[in-house]
Amino acid sequence: MRNILEQIIHTKHEELAVRKAQCSLNELIEIANKVTPKGGFIDALRKQRRPEPEDLPWGPEAEPDQAEAIGLKQETEQLAFAIKELPEKQRILIEQAYFGDLSHSEIAEITGLPLGTIKSRIRLALERLRHAMK
Amino acid sequence: MNMTDTIKHHLTPEILMAYSAGTLPEAFSLIVATHVSMCDVCRAELDSYDAVGGVVMEDAVTADVSSDALSSTMKLIAASDTAPKAPRRSTGTLPSPLQDYVGGDLSAIKWKPLGMGVKQVILSTSKAATARLLYIPAGAAVPDHGHQGTEMTLVLQGTFVDEEDRFARGDVEVANEDMEHTPIADMGEDCICLAVTDAPLKFNALIPRIAQRFLRI
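If you read the protein sequences in the order shown, they are chains A and B. Residue numbers for the first sequence, in our numbering: 1 to 134. Residue numbers for the second sequence, in our numbering: 1 to 217.
None of these hints come from the bench; they were simulated from the model. Hints are not guaranteed to be accurate.
What the hints assert, rightly or not - Think about it this way: if two alpha-carbon atoms lie no more than 20 Å apart in a straight line, the pair counts; the simulated SDA-like pairs of lysine to any residue are: (1) A:Lys119 x B:Gly149; (2) A:Lys119 x B:Pro25; (3) A:Lys134 x B:Thr130; (4) A:Lys73 x B:Gly188; (5) A:Lys134 x B:Ala51; (6) A:Lys134 x B:Arg43; (7) A:Lys89 x B:Ala44; (8) A:Lys84 x B:Ser48; (9) A:Lys134 x B:Pro13; (10) A:Lys119 x B:Lys119; (11) B:Lys127 x A:Glu106; (12) A:Lys119 x B:Lys127; (13) A:Lys134 x B:Glu45; (14) B:Lys119 x B:Lys8; (15) A:Lys119 x B:Thr12; (16) A:Lys134 x B:Asp50; (17) B:Lys127 x B:Ala44.
Make a model of the complete structure from these sequences and hints.
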C-alpha cells in the first residue's frame, strides 16, 4: 500500500506543479490531499492501461474560487454521508466495485450472487445516491 | 468535437462505473474514452462515478508513506514544467484517445479488406478484449452475426441501422448474447465504427451473407 500511495503522489506531481506558482507550501499539501484520494488511488490500482477522454474545449481548469471550493467540499461530505446511509448489501457492492478492483462478474463469482442481482443492487444504490444529491 | 445534442445512444451505467473503477479491459476503456470525448452527458455521469469512487477510497484506506515521500515529491514539483499544458483535443474525425491508437486521423488507418468493400483494422490492446475499426461502404451490410459476449459499436462517421435502431456519429450500441443483428450502413455516406468485443463474433452462415450488401434501407 505504501508503494502505491507514493506512486500516486508522484504521478500527481505534474498536476500540482502547474499550480505551484500561486500556492504556499501548506496550500500545496492541501491540494495534494484533495487530488490524491479521488482519481489517484484508482489510477494506481488499475491493472490495465486506461485510455483517457479528450479535454473539454475550455482547456485547463482555473483555480476554483473560495465559494466553489466550499461547495465542492460540502457536496463530497453529503455524498460520503449518503454512501454510509445505503443499505449494507448495496454499500458493500459499491465498495467492492471500486476498492476490490473487481468486475461485476468477478463479484458474482466470489459472492455466489447471480450477476443480475449484483447489477440491480448497484443500480438501486446509484439511484439512491443520485436522489440524495439532488 | 461536441455533438452532445445529437447523441441518442449512450453508455450504460455499468460500463461507465467499471471504467471509473478501472476494471474494464483496455479495448472497452478505449471505446468509453472515445465516446466520453464526444458526449458531455456521459462525461458528467462518469464524473459522478469518480466522485463516488473517491469517497469510497477516502473512507476505506489509510497508509503511512516513507518519511521522504513529501520531500521527494516536492523535488519533482520543483523540477517540473509549470506551464499549463495545451488541452488535448482532436480537430479531426477521430477523437484523441482513438488517434493515439491509430497513430493519426482517418488517413493514417491501415485498412485490411474483408471483401465486398468492408474493411477493418484491429487495434493493439491487451488480449482480454478486441478493438477494431470497421469501414462499411454506404448501403453495405456487416455480415449477420450473433455475440458470445458483449459487443459495443461506436459510430465515428456516417450512420448505420440494424434491427434495433438507427445509430449516427457518437451513438454507441451495446449488444449482448441474446442479440443477433445486421448493421447496414446508410446510403448517404460510408460508415466508420469502432467495435469492441470480449469474445469472437459468431457468424450465422459459413460464408457470411455479404450478398445483402445492396439492401435498400
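Hinted pair A:Lys89 and B:Ala44, Cα distance within 20 Å: violated (26 Å)
Quickly compare the C-alpha distance for A:Lys134 and B:Ala51 to 20 Å and report which way the hint goes. holds (15 Å)
Within 20 Å, alpha carbon to alpha carbon, are A:Lys134 and B:Asp50? Roughly 17 Å separates the two Cα atoms, so the pair holds.
Next pair to validate is B:Lys127 with A:Glu106; report whether the Cα-Cα distance is within 20 Å. It holds: about 18 Å lies between the C-alpha atoms, which stays within 20 Å.
So if I understand the rule, the pair passes when the alpha-carbon distance is 20 Å or less; does B:Lys127 with B:Ala44 pass? Status violated; Cα separation ~29 Å.
For the pair supplied as a hint, A:Lys134 and B:Thr130, is the alpha-carbon distance within the 20 Å limit? violated (39 Å)
Holds or violated: A:Lys134 with B:Arg43, Cα cutoff 20 Å? holds (18 Å)
Does A:Lys73 pair with B:Gly188 here, judged by a C-alpha cut-off of 20 Å? Measuring from Cα to Cα gives roughly 50 Å; hence the hint is violated.
Holds or violated: B:Lys119 to B:Lys8, with C-alpha atoms at most 20 Å apart: Roughly 26 Å separates the two Cα atoms, so the pair is violated.
Pair hint outcome, A:Lys134 versus B:Glu45 [Cα-Cα no greater than 20 Å]: holds (14 Å)
Quick one, are A:Lys134 and B:Pro13 close enough, alpha carbons at most 20 Å? Status holds; Cα separation ~18 Å.
Between A:Lys119 and B:Thr12, is the straight-line Cα distance small enough, at 20 Å or below? With a Cα-Cα distance of about 11 Å, the restraint between A:Lys119 and B:Thr12 holds, given a limit of 20 Å.
In summary, the numbered hints that this structure violates are 3, 4, 7, 10, 12, 14 and 17.
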